[in-house]
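Student: Given next are the chains, with one letter for each unit.
Number of protein chains: 2
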Amino acid sequence: MQKIRPFSLVMLLLSGMAAPSLARGASADPVEAIRSAALADQTAYDFVEGLTTEVGPRPAGTPQEARARDWAVARLKALGFSNVRAESYRMPVWERVRDEAQVLAPFPQKLVLAALGNSASTPAKGIEGEVAYFPSLAALEAAPEGSLKGKIAFVSHAMHATQDGSSYGYFGAVRRQGPSIASKKGAIAILIRSIGTDKHRQPHSGVQMWADGVKPIPAAALSIPDAEQLTRIISRGQPVRIHLTLISRMLKDQPSGNVIAEIPGSDPAAGLVLAACHLDSWDQGTGAIDDASGCGIIAAAALHAAKTGTPRRTIRLLLAGAEEVGGDGARAYFAAHGSEHHALAMESDFGADRIWRVDFGLGKGQEAIARRIADALAPLGIAASRVAAGGGADIEPLVKSGVPVIDLQQDGRRYFDIHHTPDDTLDKVDPARLQQNVAAWAVTLHLAANASESLANK
Amino acid sequence: MQKIRPFSLVMLLLSGMAAPSLARGASADPVEAIRSAALADQTAYDFVEGLTTEVGPRPAGTPQEARARDWAVARLKALGFSNVRAESYRMPVWERVRDEAQVLAPFPQKLVLAALGNSASTPAKGIEGEVAYFPSLAALEAAPEGSLKGKIAFVSHAMHATQDGSSYGYFGAVRRQGPSIASKKGAIAILIRSIGTDKHRQPHSGVQMWADGVKPIPAAALSIPDAEQLTRIISRGQPVRIHLTLISRMLKDQPSGNVIAEIPGSDPAAGLVLAACHLDSWDQGTGAIDDASGCGIIAAAALHAAKTGTPRRTIRLLLAGAEEVGGDGARAYFAAHGSEHHALAMESDFGADRIWRVDFGLGKGQEAIARRIADALAPLGIAASRVAAGGGADIEPLVKSGVPVIDLQQDGRRYFDIHHTPDDTLDKVDPARLQQNVAAWAVTLHLAANASESLANK
Chain Z
1 MQKIRPFSLV
11 MLLLSGMAAP
21 SLARGASADP
31 VEAIRSAALA
41 DQTAYDFVEG
51 LTTEVGPRPA
61 GTPQEARARD
71 WAVARLKALG
81 FSNVRAESYR
91 MPVWERVRDE
101 AQVLAPFPQK
111 LVLAALGNSA
121 STPAKGIEGE
131 VAYFPSLAAL
141 EAAPEGSLKG
151 KIAFVSHAMH
161 ATQDGSSYGY
171 FGAVRRQGPS
181 IASKKGAIAI
191 LIRSIGTDKH
201 RQPHSGVQMW
211 ADGVKPIPAA
221 ALSIPDAEQL
231 TRIISRGQPV
241 RIHLTLISRM
251 LKDQPSGNVI
261 AEIPGSDPAA
271 GLVLAACHLD
281 SWDQGTGAID
291 DASGCGIIAA
301 AALHAAKTGT
311 PRRTIRLLLA
321 GAEEVGGDGA
331 RAYFAAHGSE
341 HHALAMESDF
351 GADRIWRVDF
361 GLGKGQEAIA
371 RRIADALAPL
381 GIAASRVAAG
391 GGADIEPLVK
401 SGVPVIDLQQ
411 DGRRYFDIHH
421 TPDDTLDKVD
431 PARLQQNVAA
441 WAVTLHLAAN
451 ASESLANK
Chain W
1 MQKIRPFSLV
11 MLLLSGMAAP
21 SLARGASADP
31 VEAIRSAALA
41 DQTAYDFVEG
51 LTTEVGPRPA
61 GTPQEARARD
71 WAVARLKALG
81 FSNVRAESYR
91 MPVWERVRDE
101 AQVLAPFPQK
111 LVLAALGNSA
121 STPAKGIEGE
131 VAYFPSLAAL
141 EAAPEGSLKG
151 KIAFVSHAMH
161 ATQDGSSYGY
171 FGAVRRQGPS
181 IASKKGAIAI
191 LIRSIGTDKH
201 RQPHSGVQMW
211 ADGVKPIPAA
221 ALSIPDAEQL
231 TRIISRGQPV
241 RIHLTLISRM
251 LKDQPSGNVI
261 AEIPGSDPAA
271 GLVLAACHLD
281 SWDQGTGAID
291 DASGCGIIAA
301 AALHAAKTGT
311 PRRTIRLLLA
321 GAEEVGGDGA
331 RAYFAAHGSE
341 HHALAMESDF
351 GADRIWRVDF
361 GLGKGQEAIA
371 RRIADALAPL
381 GIAASRVAAG
391 GGADIEPLVK
401 SGVPVIDLQQ
411 DGRRYFDIHH
421 TPDDTLDKVD
431 PARLQQNVAA
441 WAVTLHLAAN
451 ASESLANK
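Protein sequence lines correspond, in order, to chains Z and W. Just so you know, we're using this note's numbering here: the first sequence kicks off at 1 and counts up by one. Just so you know, we're using this note's numbering here: the second sequence kicks off at 1 and counts up by one.
Bound conformation, chain Z alone (with noise of 0.2 Å):
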């Protein structure tokens, strides 16, 4: 890894803590003021807490997520904020409603399962067939065509846990390719062990999106463990026949929005800083981690980061709907939002666990704003990386359109045990490690709208 400039032993020995003690005599500092009482602060834990308590699952485009959207707007308002509103669009919803799996022959045994997004249904009295083992999504693509005719597949893979959460992006296309490349092979259904890296049978589901011109077939994910015992239900080399019941339906043009808050800025013309996460979650589990604490720690910190008086930039939350099913709250924000100015874009959704590096993707010539940010983060143990900024779904739109950005990375070998599952829920939260996000969000957010000079190319 590379590090932009050396750091002493100290900064490594406090990694992962605050160390407020040593940072006395700099409490004039206003970025030192607002790291610590970013770092105190429990905001973000109740934000997390009363979302996941008093709306729980909060599916895109269901009547749940829309009592997460007035839940929001209520408490943004109680917060404080300024200009909050929901704004709405439609969409089409894919609703889980039964999955269950057995094997019937050679071991008849239950199976854990979930449906994946845009699944297709079986009927209510499900379907049979016999298992089609592939290790990986390459042995699966190199099925001859046609040979999975009236099969079930079922597709395994090797993730492990990364720091930087890179494992998902890789294995997960077994997720995200695998149906329509079964379908495509004349399979009636598709099994894939789930895409995590934990050891409970808490299957994980997710969106996956059909190949044009494929026709959908059922397709699930199994947990881990039963993922594994399929597995070695296989190894025993006699023919296996699964009988599945995956229930779902399809739902048109469903009310789904997005929620804005904002602190004004005095200087309108410095564009605004956009602070992103997602409100809606998947339906198994509260969406504790994925995304209530996103939502949880740009609120706090936005709060934070406003505490030493009136920014310049006006700092925007966007809590976007529809996330986890294919990005419309995104679009339509920008849709919307696209054509004011944006000075910076940044998202947080990947966890509450803690940011370890902050990676940089602002115009050419603003060494000196990364500076100043990368220095307001050291003492909390984060490393400024050469690694190009990305951004994340919620923001992607004006990430492409060339809006700056900055990612605070969180530490991601955690995320994927719980990811997905009904296992997302608020006692994975730990709230020292979530108050190092805000305390990191709010150091950046007070730099980032304060800055005097653009954050695009000079």
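Calculated from the structure, these hints are not laboratory results. Computed from a predicted structure; not experimentally measured. There may be inaccurate statements among the hints.
Where chains are identical, the list cannot tell them apart; a pair therefore holds if satisfied intra-copy or between any two copies.
Lysine-lysine pairs mimicking DSS-like chemistry, simulated, CA-CA at most 27 Å apart [claimed, not checked]: (1) Lys110 x Lys252; (2) Lys110 x Lys199; (3) Lys125 x Lys110.
Add chain W to chain Z, keeping to what the hints say.
Tutor: Positioned in the frame of chain Z, the structure of chain W alone reads:
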């Protein structure tokens, strides 16, 4: 904790691991030879892998338990045991059909739960009621008679993991007694916080028996994250209404059975050494730690115990049926074999983690054989205690009748994370820890089966 005599720093440092290389020069010692060979042998793991894969869940009195008996008879014969047979009996069976729950108000959302054994069934359309919250069993007991009329009782508790598993006996009363108490006070159903120590959406099932004259009501365990969520919802102070659908059925007079296998000894008059486990499991998982591991341990250990020659005493394995639902197998064994001379009884039914302590329950004046066994266990990091051995459910009638007993106590810190949940699967079994169990059992069975003295009162 008391130790029976001082032991060296080396033993302390070795705690938890065997050190064959340090035992060089002792290979002529049959105990050391058995211990080393057992530590390196995968027979127990293969047994657990086979039973959990090729049979899977095996609730008492079901066709799956019958398949487990067939599987065990075949495997034990293949391993070279003598007199291998199933001994059958009949019993009533409670069977889970479907468990669903939803908070209706004030914050609509699903809850994850599992009916407890012998729960009454709700009608197919479910039941609905307001929740009455009790933070402990004592609080439920203190509720006035009739005060729960029409309500759904919800009882929480504060169970934490302990090494000796003692928290289960204490807090388990919420499951064992809570349903009868709630019914007596007029409740229409009871929910408990699962008797467990994890933070996963995995409800812990388990048996409970209705007290005499009590009307059965629907009774279920919420997963611990769900119990915490419901507690938070209740803490908002608004009335909480829940809809419950807990469908189950009772079957009369179903076949169950024990499996017996032996290594015949040379001296029938010396009595037999009984090693017990149970073959049945709860329905949600594959019963890897509860109790396929116990059966794998005793089978592998008996083979190693006899590797140096025919033992003086017969070593008999009892793979009991129906342990989870009340001990029908243990009672059937005692009815058929209680009059035979049992020199010693032992049981393995606390998972697959390492043995850390040995407790003795031998006759008066049997310090010499206890010391020989303690000496043989010490290199495995196992400390002898002054706690009296008590055995477990599978050998309870024997122990009550006065048969000497030794307990090889397993580390229980992880056990109640998994116990009676869907998560009780093969991946939770650590082969090295399992083999430490086999080594400890092998040397204990070897010394007990070959002891020249009786193990009863001198």
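Student: Please flag the earlier hints that this structure goes against, numbers listed from lowest up.
Tutor: none
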